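Which chain is which? The protein sequence lines are A and B, in order.
Under the numbering used here, think of the first position of the first sequence as 1, with each following residue one higher.
Under the numbering used here, think of the first position of the second sequence as 1, with each following residue one higher.
Since the hints were made in silico from the structure, they are not lab data.
Keep in mind it's a predicted model, so treat the numbers as computed, not measured.
Even glycine gets a Cβ: it sits at the ideal position worked out from N, Cα and C.
Treat the hints loosely; a few may be bogus.
To be verified - A few chain B residues facing chain A, derived, Cβ under 7 angstroms:
#, residue
1, Leu108
2, Leu113
3, Asp154
4, Ala162
5, Ser232
6, Asn240
7, Phe244
8, Gly246
9, Ala288
10, Tyr308
11, Arg410
12, Phe511
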Amino acid sequence: MTRAWAYVALWGVMLAVLAIVQVAFDLHGLQFGLAIGVAAVILVIGGLQFLRPPREGIRALPENSYATLMVAVGILMVALGILFGQWLYLIGAGVLVLGLGGVARELLAARRSAG
Amino acid sequence: MTTTAIPQPAGGIYGWLAATDHKRVALMTMAAGLLFFVVSGVNALLVRLELARPGDQVLSHDTYNEAFTMHGAGMVYLFVTPVALAIGVYMVPLQVGAAQILAPRLVLFGFWLFFLGGVIMQAAWLTSDGPGKAGWTAYIPLSDAVNTPGKGMDMFLLGVCAATAGALLFGISILGTILRLRAPGMTMLRIPVFCWTMLVTSLMVVMTFPVLITAMALLLADRHGAGIYDSSSGPIAFQNLFWFYGHPVVYVWFFPFLGVVAEVVAVFSGRRLWGYRTLTFALLAFTALSMSVWAHHMFTTGQSNNKYFALTSTLLLVPAGIEYLGIGATMWRGSIRLSTAMLFALAFAIQFLIGGLTGIMLGSPALDYQLHDSYFVVAHFHYTAFGGALFGAFAAAYYWFPKMTGYVLRDGLGKLHFWLMVVGFNLTFFPQFIAGWAGMPRRVSDYPATTLLETVNLLSTIGGFVLTVAVIIFLVNVVLSLRDRTVAEADPWGGFTLEWATSSPPPPDNFDEPLPRITSETPVLDRRIGPPAEAKA
């Protein structure tokens, strides 16, 4: 159960080996950087999994989360506002703030019910 | 991990739009993906109509560019990728015995990013300059503000970023669920093979999708004067970033369906998957190699490490061969039932093999210089993406539809759908190998009026319409099966894995009954006939 990290790390080692093999050929900086960078990130993820064993205990789950939906709508309205004008940007920012507030409220309620 | 009891989810549309139940989010993603599939399919039909004969038929050159761009982008960003991951969102928590997916809000957030991203991308048709028209790859300088001006291309890029971010969040949740929410007793070497394929898929998603989002966001900024890709090496840098996502994403469409096919073949052969442990390690090697081949798309640029990428591309044959051996050996002396799901699984294996072998041809720089940007590449690509992924998706649909809905799809209509798909698919795409070999370039709306090119293009267009009929039959089958219902049992196929240990469809918290004891990767089969010999030992 706790050895899931080993498989992630093994995959990271495979990526690192394949990246290092590039050195034996005509090395291209960006291509080598991408490959070795990803290998390093995977090894870090494996390490985090090793350091953080699976959680135990009770977790409250909401049935619906309209606040989450509002966050998504708000972010995309802000992004579209950059293309279509400040009015959309500002409305989107308002929706985003409301959505984030709603998510925070849900999380606090979940913490209270768990406690 | 235990969870609090979840109340029965609300019915009606309001119970679905903001549902945090992974099953509902997955079903919404599949439905939205199907919608985008139909839209992208219409674009494909327009492209095929234009190419049915040489000369101008139904589309202007500009609209043709928009149609093939929106076909490719729609299929890649809005259909195959999210649907492949949505199957994991639905099935992974069930198969690992979890009551929920990790971070349910993140999955819901991902769905809305994906769906609204798709809407933004398609809404670009309404702009005066039209939608994206620089291909699904959006290569620079074709996609810059000079060559493709207007808000439509901006919306295309924004839509790609949003939809890909949504898919990324799916991948994060699936990865976390497998690593952190497995049922007691389910070690990594006891998770079903589908979960293994989703694990490696999610690892690729988590590592490569942020690179595409970055590349596309930088391109959007570039179009508004940021000057990021302006240097002489800018276009090559963009290609590297794009293909660092663009090649692994092909495997994001392949591996989940390889997992589906392995499950289907095992269940409908009545045998455990042959060489489970070998296959899992081959999967790790396969995906590591998949992450190391991207620049074979750039052989002809002269700015790539061609020898290295030719080597890694060819090495893919080894783990692929092991996977095929495993599937073939599972069927050997099995009690094979040729259900519709099994037929789609077998067609997946054969057709993807053709795609894979022609991929090895394109992995050779010498051949690639001849075939690059020709219709041969289009045919190869569709043999992997359509012949592989879509046939795998239909295998999953027929296999898991009873679990997801509680009703069985009609077998007769399913088999008609299958045979029309096989005929239509091969009629559409095999002639494109010949067209490419004869030198026809891709992304052109006209071609020389030679007997060979006219014949293969006409055949290809006829095949496209046969495929359309096949897809319509599938949709009719879904509607009829949901209207005139044949109720499915909890385990209609004699399944092996934990999703078959719960009702069809599963309750909100996935399992009402205690889970069977987990001593292998096939706990439900073990409960029926006892664990395998190595588990007893």
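Interface hint compliance - B/Asp154 to chain A, C-beta minimum distance less than 7 angstroms | It holds, given that the least Cβ distance between B/Asp154 and chain A is near 5 angstroms, below 7 angstroms.
Hint status (Cβ of B/Gly246 to nearest Cβ of chain A, threshold 7 angstroms) | violated, 13 angstroms
Taking the least C-beta to C-beta distance, is B/Asn240 closer than 7 angstroms to chain A?
-> holds, 5 angstroms
Close enough to count: is the Cβ of B/Phe244 nearer than 7 angstroms to one in chain A?
-> Holds, because the Cβ-Cβ distance from B/Phe244 to chain A comes to roughly 5 angstroms (cut-off 7 angstroms).
Under the criterion of a CB-CB separation shorter than 7 angstroms, is B/Ser232 in contact with chain A as hinted?
-> violated, 14 angstroms
B/Leu113 as an interface hint toward chain A, with CB separation required under 7 angstroms = holds, 5 angstroms
Any CB of chain A closer than 7 angstroms to the CB of B/Tyr308?
-> It holds, given that the least Cβ distance between B/Tyr308 and chain A is near 4 angstroms, below 7 angstroms.
Using Cβ atoms only, decide whether B/Phe511 comes closer than 7 angstroms to chain A, and label the hint accordingly.
-> This interface hint is violated because 15 angstroms lies over the 7 angstroms limit.
Identify whether the interface hint at B/Ala162 stands, where standing means a beta carbon of chain A within less than 7 angstroms of its own.
-> Nearest chain A Cβ about 6 angstroms off; hint holds.
Should the interface hint for B/Ala288 be scored as holding, given a Cβ-Cβ cut-off of 7 angstroms against chain A?
-> holds, 4 angstroms
Hey, does the B/Leu108 contact hint survive, CB to chain A under 7 angstroms?
-> holds, 5 angstroms
Using Cβ atoms only, decide whether B/Arg410 comes closer than 7 angstroms to chain A, and label the hint accordingly.
-> The hint is violated - B/Arg410 has no Cβ within 7 angstroms of chain A, the shortest such distance being about 33 angstroms.
Violated hints, in rising order: 5, 8, 11 and 12; the structure is consistent with all others.
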